[in-house]
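Colleague: So the chains spell out like this:
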Amino acid sequence: MVIPLPYSVGASTGAVEGLYSMSKAWGIPWIVPRLAIMFAVVSIIIGFISVAAMFLIWWERKISAHIQSRFGPMRVGGWHGWAQSLADGVKLLLKEDIIPARADRPIFILAPMVVFASSLAAYVVIPFGPGLIVQDLNIGILYIIAISSLAVVGIIMAGWSSNNKYAALGALRSAAQAVSYEVPLVVALLSPLLIVGSLSMTKIVEAQYVPFIVVQPLAFLIYFTCAVAETNRLPFDIPEAESELVAGFHVEYSGMRFAIFFLAEYANMFVVCAIATTVFLGGWKGPLLPPVAWFLIKTFFLLFVMMWLRWTLSRVRVDQLMNVAWKVLLPLAFVNLGVTGLVMLFYPAG
Amino acid sequence: MTVEEIVQQIQSRFQEQIRTSEVRRGEACLIIKGDKSFEICRFIKEELGYDYLNCLSGVDWITEGEMEVVYNISSLKQPGKITLRARIPRNEPVLRSVVPLWGTANWHEREAFDLFGIRFENHPDLRRILLPEDWIGHPLRKDYQDERFVSYPWQDRKPGGVARPTSA
Amino acid sequence: MTTVNLQLQQVQERTAETMEEMWVNMGPQHPSTHGVLRLLIKLDGEIIHECIPYMGYMHRCHEKIGENRAYVQIIPYTDRLDYLASMYMNWAYCLCCERLMEIRIPERAEYLRVIIGELQRIASHLIWLGTFGLDLGNFTLFMWCFREREMILDLFEAVSGQRLNYSFMRIGGLALDVPEGWLADVKSFLAWLKPRFVEYDRISTDNVIWQKRIQGVGILKPEDAVSYACSGPVLRGSGFRWDLRRDDPYGIYDRFAFDVPMGTRGDVWDRFWVRRLEMEESVKIVEQALKAIPLGQVLAPVAKKLRAPVGDIYSRVETPRGELGHYLVADGSERPYRYKVRAPTFVNLSALPVMLPGCYIADCVAVLGSIDIVLCEVDR
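Protein chains in written order, with this note's numbering: chain A, 1 to 350; chain B, 1 to 168; chain C, 1 to 380.
Hints listed in this document are in silico derivations from the structure and should not be mistaken for laboratory results.
Any given hint could turn out to be false.
Unchecked claim - Simulated crosslink set (EDC-like; lysine to aspartate or glutamate; CA at most 20 Å straight-line): (1) Lys-42(C) / Asp-319(A); (2) Lys-77(B) / Asp-44(C); (3) Lys-165(A) / Asp-44(C); (4) Lys-64(C) / Asp-146(B); (5) Lys-45(B) / Glu-67(C); (6) Lys-165(A) / Glu-223(C); (7) Lys-142(B) / Glu-223(C); (8) Lys-77(B) / Asp-247(C).
These numbers were taken from a predicted model, which means no experiment stands behind them.
Model the full assembly from the supplied sequences, consistent with the hints where possible.
Modeller: The structure is reproduced here in structure tokens:
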């Protein structure tokens, strides 16, 4: 029986094979080491997300502060307040768990979990390096887009179960925004995929002799705009805006539940920037430094651009938001796709 | 149109309504009886062209048994200011509303009603504006009583004297 | 509780709701109403059909207090009318008393009043610009404007000892002369301020999102502006080049050369642009005043117990928010008989139910911000 090796990590292949042969020798069914390895990988991923999210929160506060000519966190932990996110996390954990009296309890509790789970599930196909991918699905991109859309379900659950007129309105608005911006996002991603000819993330990186941002700049811009809208960041952050009348879908959440929404947002930001890096910036390719370092540098650079946008621009109004998605981005994405298709027809080598 | 001409024109139209009139500090100041205040205001706005109502205030002349509504009127296009003081009896303070002439009078008249109790006829929405809806009494009247209010009663004041508080 | 139910009852008795319309409440606690203002908005989907403002949550009986205080004792109360432009509130009241009592104030006091008043106008407009940006989602503009405002507050602290409610003007001039080197500090502040306007423009005026948010929104027609007696930038945005500093001058404003910016359409953009340009005009005025300021006294010799002659007066000035009028009735004693404050924001806010219908709910915040309300002034 061929035991399918789940990972193609070079150095640890030996360890994985060894684990399997050891368990076979001891009469333990193969499912046990399989599950053990899965748990280990998931813990690594969750660990990475937590650290990345906490770093991103601190980084955002620092960037926003310097843009606004002030300092940001400076004290907690000593050097530039690096432990601020840790302190905030501890504070949120210790807060009282408030659930509104007439809220729909099971759904209220499940909603943040659904949102976080959909962000977490997208990490399965992020290629951190050559072979450093949890599972190189051959439908990689399709899987990520499908799973990220599930976050909308979680948002609607949160808004509806809060038993709050404004939370429900905010949730529906947020859902409308997310769904509207999915369409140009997918169409914009299709153009480089035409060139690659495959949906697998590793193949996309390998096919980029020249990063696709050079070949498909319009697709990159459309994708990035839609990514900012998908993650509910300014200038598209109507679902979260406090100064609008409708306060947002998470208005009734406090303490750790709110922290999970927050973490999910930053995890989602990392995912969309990681996809942009993979598809447009050449993934882990680059000279001198190890591939993982290049991947992280490129992703964090895109995250920096996202944060920079947030602290520079104003909020777009809801109807203008929809206008931009359907009347500007979508036609442009289709035009881009058409042109790419035409070019591919005449230069099939790509 | 100079200020003297304004006074002359109003006097020639509404001679019997005017109690006193003078020109002071570049302003036309008239004290009129309250019954035809709306017509006088309309005359000022439409025929003299003074269409900017700066302010509408109430004053309580308790010793004379009258209340007064003061209109400060001017114009953006011509110089000159008019101060129109309409007197109404204190026990029955009713005056015709000038909201049809100036939209701004809406809130000013509500305030005068709120704080003085002056009723404005034909006002589209006469209810309290600054005080809570269920407040009783009209605080800016000179005989307003409230146990929380420690006042320097105005009767004790003399020109040249300092009034002392009545309660401890 | 009774009050709120009474309010809603009165509203619902008058206007029958159709099935699609919904009454939504905004305030009194809300991060964007700039104070305790309650707006009852009738919505049809996202479009506003009607708006009913409720105020009075900050009513502090300013006018009744004024009737029971000596003329000088009212000055600290005037600070608290519009605390974002305290110096101007002081000036307005002192000017009213000086006109009534026919007091002439020294030249140096006049120049200093102009310098301080215009610096106060810049500070007030900076706060307005920052909070307006905050309402539209732009936090950075807020921080930058407050950085400059802090500098002005430092200047005022050097002069009066207070950062916010100064009580600095007196009937007859100023309380104190400015410290040594203060005028030079003002000059260097202006040199720092002028390039900042370019910075603000880059992040706000030149930005497409900003422009699309506020152009064509919340239009106030000229005839409504006059009928509702709007003043200040709200009036100027609707096409009237009317500024009391130029058209009914007080103090020594007739000695300075400055433009009065005007808008044409009466939308939020025009009101924003008028205020933005007014800041530059104020800088011009301060520079001219700094060049011409003489030495001398800053307080005219007035009696300790000021008594006003019998009579009444309506005196008006152009504060950053519009025309502030004081109607003072004096009976010869040392207290006013009737002290009425015509607050510019009270009157400008009455035009809100005319500006809002037809806007989206998201524009409500932008329109309210463009009127520049300060609830303390509205409610007195």
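Colleague: Give a verdict on every hint.
Modeller: For each hint, the structure was consulted:
no.	hint	verdict
1	Lys-42(C) / Asp-319(A)	19 Å, holds
2	Lys-77(B) / Asp-44(C)	40 Å, violated
3	Lys-165(A) / Asp-44(C)	15 Å, holds
4	Lys-64(C) / Asp-146(B)	13 Å, holds
5	Lys-45(B) / Glu-67(C)	32 Å, violated
6	Lys-165(A) / Glu-223(C)	38 Å, violated
7	Lys-142(B) / Glu-223(C)	38 Å, violated
8	Lys-77(B) / Asp-247(C)	10 Å, holds
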